[in-house]
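**Student:** Okay, here's what each chain looks like letter by letter:
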Amino acid sequence: MYKFIKILLLSFALSFSFAETSMAQEKQKITEQDYANNEIEMADTMRSNGKIYIVVATIISLFAGIVVYLVMLDKKIGALEKNILDDSI
Amino acid sequence: MKIKGLWWKLLTIVLLLYTLLGGLVMDVPRLVILNETVRNLYFHVPMWFGMVIMLGVSVYYSIRYLKEPLTKFDNNAVEFANAGILFGILGMVSGMIWAKFTWGAYWSGDPKQNAAAVGLLIYFAYAILRGVFEDEQQRGRISAVYNIFAYAAFIPLIYVLPRLTDSLHPGNGGNPGFNAYDLDSKLRMVFYPAVIAWTMLGVWIVNLRVRFRVIQAANTEKMLEKNSSY
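Chains as they are written, first to last, in the working numbering: chain A, 22 to 110; chain B, 101 to 330.
With the rest of the complex left out, here is chain B:
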């Protein structure tokens, strides 16, 4: 049995292996408060990068769907959004664990934490909204429009607003922990491959789920045909 898109799936596995090995054993700077948790950079941060990338691709498919209402665009839009939401939840959980041991609490009402939580709620609403409609076209169109607006609200929420105020997160205001440091080339050597690797894992999951949807639809159609022939 051949696997579809074998080459990029293999590449995903290789990059993830590199991320895990490099992320766990390669040299990291010895920094106050952070200690070994600096390695979370290769696991927590790529969740958010991956999420933003996948939600962006989801918006791309939503726009394609509005231009030309084909089921395959809707399938891709919803599954990329789902994978993005999954990565968002994982990013949230991993971030809370990291925060507990570096900032002192799971949740400190940090602007970026709050904004990310609001952003995720916006996307939960997307998932709920989809469940409301019976009609496929209507579901596709309305959720595509919602998806575009959700992204437009989400990006300023997590990228812009937290930078306008003091936040514990890097690049926003003053705090201990990571904020004060610039990523150096040694950290980047694992960090960038890690972002690509985790995102590609998400894409693989999307690939499986979209194919599953296609099979499911074909199957339902077959059943309907069978029933109507009696």
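Looking at chain A on its own, in the form it has when it is part of the complex:
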């Protein structure tokens, strides 16, 4: 397990360094003004009447469903492992 985490961390480090170098090309900085630029259309209506949170709630419930499903699948496989692998030894 720890070896595995080590590989994972290493590969993160690698891919981030990749990302950093690629981002080092001539680029425009995103400034505070970009956050306040009201000429650009965003989902402001959704936000002002609060309905964006309904979308958020929907997605979070979908995600909760997927997590429950994954956890149940994990448990089922765990039980099978116990049954099959333990008495074969």
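In the DMTMM-like style, the derived pairs of lysine to aspartate or glutamate whose C-alpha atoms are separated by at most 20 Å in a straight line are:
no., chain 1, residue 1, chain 2, residue 2
1, B, 172, A, 107
2, A, 72, B, 127
3, B, 200, A, 62
4, A, 72, A, 62
5, B, 326, A, 107
6, A, 72, B, 136
These aren't lab readings, by the way, just hints derived from the structure by calculation.
With the hints as your guide, set chain B onto chain A.
**Tutor:** Okay, now just chain B, sitting in the frame of chain A:
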């Protein structure tokens, strides 16, 4: 019933929750053409990062397998590759939807799009190649070698070649959309956790599938024993 590796699975769930919540409601810069689609940065891009990381881990296991042909290395190699391919397909589909509304077409023959498509085909061939062999050792060895070469071809295809020419993707040539902007600290605050979160979800799937393979093999062995005892 205890769940194996509960702590990192919980961490995956927490990070993904943060990605979804932060990705949907936290402040993003208001940029021309991109508008709210800038949030796709937290969902489309991590698919590719996750794919490259998982394919890399797959190569690691392929090398381990060539050094020491144990089934567990082969299992890990194939399942990490499978999860990587899944993430690649999802990255492709999500990218095409994003492209339609920012670049104007689902497919514009962009160098990076084409290269990613070729790269995925290379990996489809890996999956097909595995199906060809009856013998486990032979399948393991040949597909391990193929896997290493596939990765060696894939990385230049998506990381290097598109940067040598004009591409619509960020960091390559001139275009509207994301290209011109540098990621700022606010975007990074969600983007990096998102990459880790999605990759860990992939690892969880790999974990389940590898365990499934082990059970399946043990089960087949049991059946064979039963049959031979008659």
